[in-house]
Amino acid sequence: MSALDRLATSLQSVVGEEHLLTDAAAAPYAVDDVLPSLVALPGDETQVADVLRLADEHAATVFPRGGGSHVQLGATPERVDVVLSVERLRRQLAYEPGDMTTTVQAGMPLSDLQGVLGAQGQFVALDPPATAATTIGGVIATNASGPRRLLYGTARDVVLGVSVVTADGARSKAGGRVVKNVTGYDLTKLYIGSLGTLGVVLELTFKVHPLPPGEETIGIACAGHADLLPVLNALLRLPLRLNSLELLNAAALAALQAGNGATVPPAPYLFLARLEGDAAVTAGQKQRIAEALRGLSLSAPATTQDWQSEDQQRLWSCLATQALLPDSVAAKIGLRITDVAAFCAAIEALLADPPWLLHAHAGNGIVSVQIPVGKGSEETLLAQIQALDGCVERLNGHRVIERAPVAVKRRCEVWGPVGDNFVVMQALKASYDPRHRLNPGRFIGGL
Amino acid sequence: MEPSVLQELAAIVAPQPLLTQPEAMLVYECDGHTLDKAPPDVVVFPTSTEQVAAVVKLANRHDVPFVARGAGTGLSGGALALEGGIVIEMCRMNKILEIDYGNQRAVVQPGLVNLHLSLAVSDAGFYYAPDPSSQGSCTIGGNVAENSGGPHTLKYGVTTNHVLGLEVVLPNGDLVHFGGAVLDTPGYDLTGLFVGSEGTFGIVTSVTVRIMRKPQVVKTLLAFFDTVEAASNAVSGIIGAGIIPAALEMMDNLTIQAVEAAIQASLPLDAGALLLIELDGIEDGMEADAQRIADICQQNDCQNVRVAQDDAERALLWKGRKEAFGAIGRLTPNYYTHDGVIPRTRLPEALTRLQIISHRYGLRIANVFHAGDGNLHPLVLYDERDGEEVERVLKAGHDILQACVDLGGVLSGEHGIGLEKKNCMPWLFSEGDLDVMRRVRQVFNPQELCNPNKVIPLRGRCRCGAVTGDGTPDHETHEAVATAMQDAHVRA
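Chains as they are written, first to last, in the numbering used here: chain Y, 1 to 447; chain B, 1 to 492.
Please keep in mind that the hints were generated in silico from the structure rather than gathered at the bench.
Hints are not guaranteed to be accurate.
Unchecked claim - Below, a list of computed lysine to aspartate or glutamate pairs in the EDC-like style, where the Cα atoms sit at most 16 Å apart:
hint : chain 1 : residue 1 : chain 2 : residue 2
1    : Y       : K409      : Y       : D157
2    : B       : K155      : Y       : D157
3    : B       : K214      : B       : D280
4    : B       : K57       : B       : E448
5    : B       : K214      : B       : D123
6    : Y       : K286      : B       : E283
To be verified - To be clear about the criterion: a stretch of chain B counts as covered by chain Y if any three or more of its residues have a C-beta under 8 Å from a C-beta of chain Y, and this derived list gives those stretches:
hint : segment
7    : 189 to 201
8    : 219 to 226
9    : 313 to 319
If you're wondering where the values come from, they're calculated on a predicted model, not measured in any experiment.
We treat Cβ as the ideally placed atom computed from N, Cα and C, and that holds for glycine.
The shape of chain Y in the complex, shown without the other chains:
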């Protein structure tokens, strides 16, 4: 009997036969096409700890998983012994609307949580590209974010406390359930975006926000990249309650129109500015935007369009869906806000065919580029990534390949280069997971 067979027997007694998947049943849980030997679906937190402890004892590697919508993030693993899915841990454990906090299990789908909070006029300010399966734990492990980060920040700004199981099966917690807290080291920040390499998150406490009383989206079409910086600067300077400021290029707009029925104007570039407030409050803001645009000297006058109610909802949900388009190389790029326009110009100058889709959180300097895979060969795609990297490097930015065909991922540095702080990251990983059981090799620098 092999070590994995012995582990399977032990795991079966922990999670039950029906919650330990093998062979064909395990196939949907593949990590970058690498089939897991075992998939464990623990039903409670003790079982999670037991799975990790047993895997450690049997020298098996463990790949934590939520809903699988962002599982492509990370380098391709060599082999996958156990996928540990938290999908059965989906309860809300505490919610006091008056405190504006809630505690949930990691496997709770984000959309379920937003539904519960929405009934009380609240929401957790995280709006990453998501599917119905996307879990809270997955969002936190990948530090996924969305357009509303402009006003509300990212996971690090809304997670108050966390409970985790480390690779040895030990449970620990950090932070708390109150909105302001400096009691002990802020390990919650360390776990956010750590891709499950330090531990498996069990529970999370969030700060929640009141839903805005209303929203309206203004589209501002620009005739060319030269107009982007003045418009962006003008929008960021205005007194607005702006929760999102997105920028799309022509290819992204065309895909949006073709793909799922959102009505957007064709234009070289389009800003989407989403304003908060009831109709009276957004009217004043719209007026300021219109005045500011008239005051700019642009290559061509910027044209505007409004989206409200259902149209607006469809627009933003289509945008989120588009970010998860399969069959593309998706790169996330971080830049200075003032370099976004220069980056757009640089991408344009590459004359990629088919053209790349560019979608930026322009007010934050976070840009998503999607390179259509189509019939492009591995070599072509690698060359395109190299060209992209050139643009990023010239602007001192960073980039992560979030999705790509496995053959391409194997041949590029998905996280980009490491910095002088990598020694600290290595030491943290060694301290938390000295035997490299958790998601080995998938994170930055091969952690």
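Position chain B against the provided structure of chain Y, taking the given hints into account.
Same frame as chain Y, now just chain B:
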């Protein structure tokens, strides 16, 4: 400390002199937490990152503990040289290195005074949001160490939400960079981990912060209530209505009296409590929100709502709030400030518990706090010359923190754990939780020379030769959790 070590130190920071005279050490024997005292052996004033790194490397070679210090306004003993050694005073590194309005950020040295950053960017229409009450003297580096808050953190978050990158001298003297001007740096969020590590993970030598555009309009309201219960209910009502003010502060009657005596702002001396409510943002909808708040206050038996008529009146009201601690000094020779946090909805219960504690120990307790986020600041009034009263103060403090924990809260919202509350950590965290924190500290600070023996009680470890303020050996007392905090203070 060996004369040869002092000579080496002097050579590193020359021409800045060292401070070693015993009388000069009095300034550095404690910070804003004055119940514990321990003098360092020497204080150095580095003027560059290279000097900080060299001092730290020297300390490592000679196995000497060291502590970085900003303005010394901390309230939990974080800057106290518990085991003697070197205090690395960062106040000479106080320059603004870069301001980038287009990207809404600034790079500053750690010794820069918090308020000085806001003043420097004010003309361009910007400010730095975290505003601890000590912002006129506390430093950005100290704010990073403590993850400091302030009244406006209700809407805008605390220091960690505004720090984007750090240059850090690690406890072994190596220089590293965390985060930076660009968001979402790949890898672990070391910036987030470092902020609030209370000087135990290394020494910050440069900080990249977010600066924000000043709000278009600001509206400040004062609402007076007969009782703190009524004021607490109004707080719940405002939050429940989906309004997040920029600040939502409460003062009780004792504080109102002290503040009125200090600043003469025509505050009604018979009010049981007041709420200082500030709205900021765009002008659209502001009047309507202010009216909604006034209505909510009226529904909760408010005596009167006063709206600041101009910037001068607004400044006066805030002066009253920010200097409230100082104003309390009019009522008492000494006071002990607590910083517990409770879930907002437990505010009425918490205030009742505070009253009971006040009666139990025969001590006056003034309350001035961040009501919007449940961050209490009970000030226990006493006279340090009365040893018996000091003991009652410590017991009351113990009970206050216990009450916060009982109500689902935590030990500190913005002042830090430091030396003061480290022995209370097991009230909230299991040994397993604390072990994880200890291991993370070990990653940064394996020799435990960098601000030793803070934040987390050590496991059965006694550093030989360590002394406390009265010169007696410091035998760790953390095992007996309930009594340890009192012991620590009685020693001092």
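Checked hints:
no. : hint            : result
1   : Y:K409 / Y:D157 : violated (31 Å)
2   : B:K155 / Y:D157 : holds (12 Å)
3   : B:K214 / B:D280 : holds (9 Å)
4   : B:K57 / B:E448  : holds (14 Å)
5   : B:K214 / B:D123 : holds (10 Å)
6   : Y:K286 / B:E283 : holds (13 Å)
7   : 189 to 201      : holds (count 8)
8   : 219 to 226      : violated (count 0)
9   : 313 to 319      : violated (count 0)
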